[in-house]
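Participant: Taken in sequence, the protein lines are chains B and X. Sequential numbering from 1254 applies to the first sequence in my numbering. Sequential numbering from -10 applies to the second sequence in my numbering.
Worth flagging that the hints you see were computed from the coordinates, not collected in a lab. A portion of the hints provided could be inaccurate.
Under the rule of at most 25 angstroms between Cα atoms (straight-line distance), these lysine to any residue pairs were calculated in the SDA-like manner [claimed, not checked]:
id	chain 1	residue 1	chain 2	residue 2
1	X	Lys1	B	Ser1437
2	B	Lys1321	X	Glu91
3	B	Lys1271	X	Asn72
4	X	Lys1	X	Met16
5	X	Lys77	B	Leu1284
6	X	Lys1	B	Thr1329
7	X	Lys25	X	Lys107
8	X	Lys1	B	Glu1310
9	X	Lys(-7)	B	Asp1296
10	B	Lys1331	X	Asp(-1)
11	X	Lys25	B	Asp1296
12	B	Lys1362	X	Glu91
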Amino acid sequence: MSMETEELAGTGVRYFGKMMAAISHEIKNSLAIINENAGLMEDLSLMAKSGHQLDPERVGAISGRVIKQVQRADTTVKKMNRLAHSVDDPVKEIDVADLLAFTMELGKKTVASLGVDLQMTPPASPVRINSNPFLLMNLMWEVMGYACTRVNGAPIITIAIAKSAKGVELVFSPVSDDGHDGFSLEQAPFSGLVSCLNAEILALADRQVLVLILPETV
Amino acid sequence: MSEKILLVDDEKEFLEAMSERMTNRGMEVTTALSAKEAIEKVKNESFDAIIVDLLMPEMDGLEALETLKKINADLQVILLTGNATVEKGIEAMKLGAMDLLEKPADLNNLTERIKKAKARKMILVEKHTEEKIKKIISSKGW
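Extracted from the complex, chain X is given alone in its bound form (with noise of 0.2 angstroms):
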């Protein structure tokens, strides 16, 4: 099954490229040219990594991550920065970021962080499942 994913960036011909170069690879990726058209689409649809730049205006990726994840906690985003600095990578990690990559960003590495956002994803909602399951089994006293 294809990896579904969000992409988030104030340069549209970044997110054009990029996404065809997803998709020629077999993602699904649908697009936002904001942080606030990002969380609007993370509220209606399911993916499995969110790539959101750092610096955007209004909303920058800092302030989109803390936003998404207060959404869905489980949400696996990956920051993208021009300039990468090791107090923003700690920020992001403190704010539950999966991954902080600069760019260029090189496909092959951004494709596996992907692949593996989206095994993090399938976990967390096994055991999200299986914790559903037991409250329900001990709700009824099996």
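So here's chain B without its partners, still in its complex pose (with noise of 0.2 angstroms):
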């Protein structure tokens, strides 16, 4: 293996694993909630079996919740399946804004715990490419966590996507440098994704934005 598929696929398991952990994470949060509820209506049919009076209403209300997190779970399991399934193709159709909306609900948890609120402004229609539909999640995912770490003034990030000349650009504002050395994206950690998936990275420190080129085709 060479060096820079050994570093991608050291990546791409990276990313995997973290993405598992709060996919893990949600289902456990729906289990235990889940968990508690059925607890209480366990605490309520002992009650009912020592003379008190069970209340419809709250027994309806209690399984009301169970299924909300049914519903729930569902839902995560099938985040679950979309990301298990993003390496079946090598190549393939992809809508930008739809991936690119998968891969920060994806990542929702772990971009509030870095206290950074990621909004996306979507294109006006969609805007399609050919690419890997993982390594390009791996790559949004990679360039999100960078920016996070630069972010500027408030801590929200809009993640834009237009069409341009090149292909299809994500702007990601503002990012700012970090005072030392500048962005440093040679040292970034998507560097061999960029490459890899045909991309161009580029920091307009005068405008704040971090710009993710991304061709028409791979």
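The two chains are supplied separately, each in an independent frame; assemble them into the complex guided by the hints.
Facilitator: Laid out in structure tokens, this is it:
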């Protein structure tokens, strides 16, 4: 395995692992809520056995909470399934906004733990490219993480998607250099992914933006 | 006397169901949806045990534990986590957590830990009172 391939495999496995940990945490949260509500039902049934009247509305509310959590867990499992199948095709037609929204959704809690709010400005009409879904998600995630450490001012980063002459642009703003070594994009953890996907990344310090340029076809 | 608990989790529905079950078992439960809210409550109120979710936005359970212990080193903090790892457990214990339990937690098990937390807290309070009395006695030359 070449150094580049080895590096890419490592980055990919790390990303996959991080997302799987976030997903399993989400499922555990649903299970914990279901567990507590089942416990409440048990409490109510014990109370009913000892002569307390069972309130049907109370029972209905508890079962409603259980149903809600089952639906939430089902949505989470669907996300896990989509992530798992993102490695199926080496190149596939991708709706960039849809994939970015999915990548943001998967990493929502991790980003929130950094105290940053990521927001997407979708394009007026769907923008599609042919690329590798998993590697592209991995790249989007790494750039998001990089931007989150260089957020400027209020902890809100907007990601705007627009068509450009070179393909599609994802513009992250406001992002500033760290005041020490500029943007150091060559050393950033996504440099291997950028070259593998024939992408380009630019830091425009004066506009405080980071631009990820994706080709129409990888 | 009932145990006074502060339950901290960013999952509102978890807080509601868990606090109701604890209340059914005779505990006095206060809830907080974030570590920041919990820290404010700890500054104004005394609790026998604080149960904190490990993964929360803005400030996670370990950071919260560190801050809570700085406010009062005697606080008995039990961490709850969806994904317990040995590393996290060690880190939590180093920072002074009383315990680290996995979610979904068994309430009987948790109740046992809460009782232990209360007993520990009472021992610490007694110890500090004794130390204060000794200080007063020695300062007065009795």
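Participant: Which hint numbers doesn't this structure obey?
Facilitator: Checked against the structure, the hints that fail are numbers 1, 11, while the rest are satisfied.
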